[in-house]
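Undergrad: Chain by chain, the residues run as shown.
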Amino acid sequence: MSKPPEKGNVVSRLYQWIKDGLERTVYMGVQYTYPKRFVSPLGYLGVLTGITFLVLGITGGFLMFYYQPTLAGCGSLTCAFASIERINNTVPFGWLLRNIHYTASNAMVLLAVLHMYYQYFSGRFKIKNEVLWVTGVILGIITGVEAFSGYDLLFNQRAGLAIEIGSSLANASPLVGGTLRLATFGAGFTDFVLRLYAVHVFILPMIMIILVFVHFPRYLVFDLPVISTVVGGLFLVAAIFPVAVGIGYSPSNPQLTIPEWYLTGIYALLRTEFDKFVMGGLMPALLFLMAIVVPFVDTSKKLNWKDRPFFTALGITTIAQILITTAWGFYINPDTNLPTLARLYVDPSLYFSSMLGVTVLSFAFTYAFLRYLKAKERVRRAVAPMSPLLTKKWVFIIFLMLVGAQLALNFFAWTAALTNLNAMTLFDVGAVLITFGVIMHLYRYSQSLPF
Amino acid sequence: MDLNTTSNNNVNGAAAGKTVNVNDLTSFPPNSSWLITYPTSGDINVDSQSPDTFQKFGLIRLPTQLGGSNKDASAFVAYSKVCVHLWCSPNYDPQKSSNPTYETYQCPCHGSIYQLPTKDSQGNLIDAGKAIEGPASLQAPPTNAIPMLTLTADSSGDLWIEIPQWDPDHNGVIGYGRNFASYQDYILPIAQGKAKAPGEP
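In the order they appear, the protein sequences are chains W and D.
In case it helps, the working numbering puts the first sequence at residues 411 to 861.
In case it helps, the working numbering puts the second sequence at residues 3 to 203.
There may be inaccurate statements among the hints.
Claimed, not checked - Computed beta-carbon distance windows for the label pairs:
| hint | chain 1 | residue 1 | chain 2 | residue 2 | range |
| --- | --- | --- | --- | --- | --- |
| 1 | W | I620 | D | K198 | 48 to 58 Å |
| 2 | W | G439 | D | D45 | 57 to 67 Å |
| 3 | W | I537 | D | Q194 | 55 to 65 Å |
| 4 | W | V555 | D | Q194 | 36 to 46 Å |
| 5 | W | M765 | D | Q194 | 28 to 38 Å |
| 6 | D | D26 | W | I468 | 54 to 64 Å |
| 7 | D | G195 | W | V688 | 25 to 35 Å |
Claimed, not checked - Derived coverage of chain D by chain W (criterion: at least 3 residues anywhere in the stretch with Cβ under 8 Å from a Cβ of chain W; other residues may be distant):
| hint | region |
| --- | --- |
| 8 | 86-96 |
| 9 | 135-143 |
It is worth saying that the hints were derived from the structure and are not from the lab.
Positions of the beta carbon are idealized from the N, C-alpha and C atoms, including for glycine.
Only chain W is shown next, with the shape it has when bound in the complex (with noise of 0.2 Å):
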């Protein structure tokens, strides 16, 4: 046991003795930095991702002491989706659980996507951190998988298609696909849901902790401010937007569903009509592998996005295509009098006509683009160094207003939550982090002012 310290109050005291004592574990093994004033918010990224992931697994926790994961008991509907209904509808605060979770699933996602191309465009990567790049693509697929699962135990129509779709192109893969679809998906229905359970709740988030592990860096930017304040626009997001529970899976109607928006590039490959392992499987895979081989192949020396057009105009297509791609998947023609085919078919010669034209744009883009910021960098003046904006005296006023509204808004979210406000709890909730964070901000903002 180590001494304890004998300078300072009880609190710093206790929190000197721990400090010391957590030294040889691995949570020490990371250095913390908490930033003297507000860098560049991309930077932030990945810890945000993090912070995500630590809100998912709180609330997903909470959502377990509820979920059912068995389909047979329920009347007519099947269990899992009942269960969720009774979270949505009964539970309390299961409303506000539920909807943190869908939003954060969405969140992490798009702030995995995003750090992911920070990394890339800012050549991060290249700083010996091969291994960090290559565990995030990892990361980024385990994360894409968490959150199909997680949608998928809903069992609602999208999520009922979903798993036949997941373990259909499972069994098409050549040579073990049928292995592969009875050891992931079981045979039947009672045996996906309990098996898609437990890869959501347990195996993949344990080997993401472990790869976590392998991806952090030894510093850490924690900024209190800016996690404070995207947890909370996390929180107002879900409640402006909340999410339906929709329609109970039943295999006597199913309707036309599109998939969540990260799948939908996906869902525009396989409406195609080629076959379904190629378009479902090797097309998603093709990118995945060039994002792992990257590294390897773009060993300049140089970082910076502008001295590496062509690794930039791969980046921007990839971007582009995406986004097109994900654009046909939520593309169904809205005329209800047409057959389904009709409706859904992506003709596949405009399809890919669309991505090899917005690859010939992209590079076109990039390297004019370039060429430009190259011809301005010569006219380029130093900028005069900005003077602070506020005085002390006024970070005071602001400061004790933020604290009243801090107050009033903590008090409105009591209220709201007395008298079951779902939407308003979490909304004030969220504005009550931002608050913080922006009084967070200011304090440290104030630190720095020379009167």
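Use these hints to put chain D onto chain W, whose structure you have.
TA: Then chain D, alone, in the frame of chain W:
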């Protein structure tokens, strides 16, 4: 004929728990469909709770133009609820029966359409269950046809299911998928023109 005599193969529970009778045109009118379970547990409540599409079939009484008002088993077909493309569940849409090609059995995911039995020049019903549109129609025969149950009616008009043989020569294979390797013996002769696809005249 290999007719199972246990009550499990009676087409029960299809509509309001009633045994399907081919003479009953009010409860079972032409151009309609019901969800049936095979193999059934025998308990309609257990069956209705099971979402396992591999055991679900769409029992269809054909439109009148295709002989749906006949008072025998030929008025009915039972199509698998598992699309042979990516295993989603096709639906019977009675409104599409006015269409000359009867594009009534459609899959909601990628739009495959399975044909109802149509009449050839001799007036025989042919081509039942073959995919005519969508990704399933592009699969090699016989993996482009939806598996079906063979139905038969007894003297009182009650409809029964014959014990199915799940192979391409008989009832088909539920969710063929891309399981080509297992069906090379069937696919290759058809592709080389040495044999005919099941259902072809």
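Undergrad: Evaluate each hint against the coordinates.
TA: The hints, checked one at a time:
1. Checked against the hint of 48 to 58 Å, the C-beta distance between I620(W) and K198(D) comes to roughly 56 Å, which is consistent with it.
2. Distance hint for G439(W) and D45(D): a CB-CB separation of about 58 Å, consistent with the stated range 57 to 67 Å.
3. Distance hint check: the CB atoms of I537(W) and Q194(D) are about 59 Å apart, consistent with the given range 55 to 65 Å.
4. The given range of 36 to 46 Å is respected by V555(W) and Q194(D), whose C-beta atoms sit roughly 41 Å from each other.
5. About 35 Å separates the C-beta atoms of M765(W) and Q194(D), a value consistent with the hinted range of 28 to 38 Å.
6. Hint check: D26(D) to I468(W), Cβ distance near 57 Å, so the stated range 54 to 64 Å holds.
7. The hinted window of 25 to 35 Å between G195(D) and V688(W) holds, with their beta carbons roughly 26 Å apart.
8. Taking a C-beta to C-beta cut-off of 8 Å, the region 86-96 of chain D contributes 6 residues in contact with chain W, enough for the three needed, and the coverage statement holds.
9. Residue count for the region 135-143 of chain D with a Cβ under 8 Å from a Cβ of chain W: 4. That meets the three needed, and the coverage hint holds.
Checked against the numbered hints above, the structure breaks none of them.
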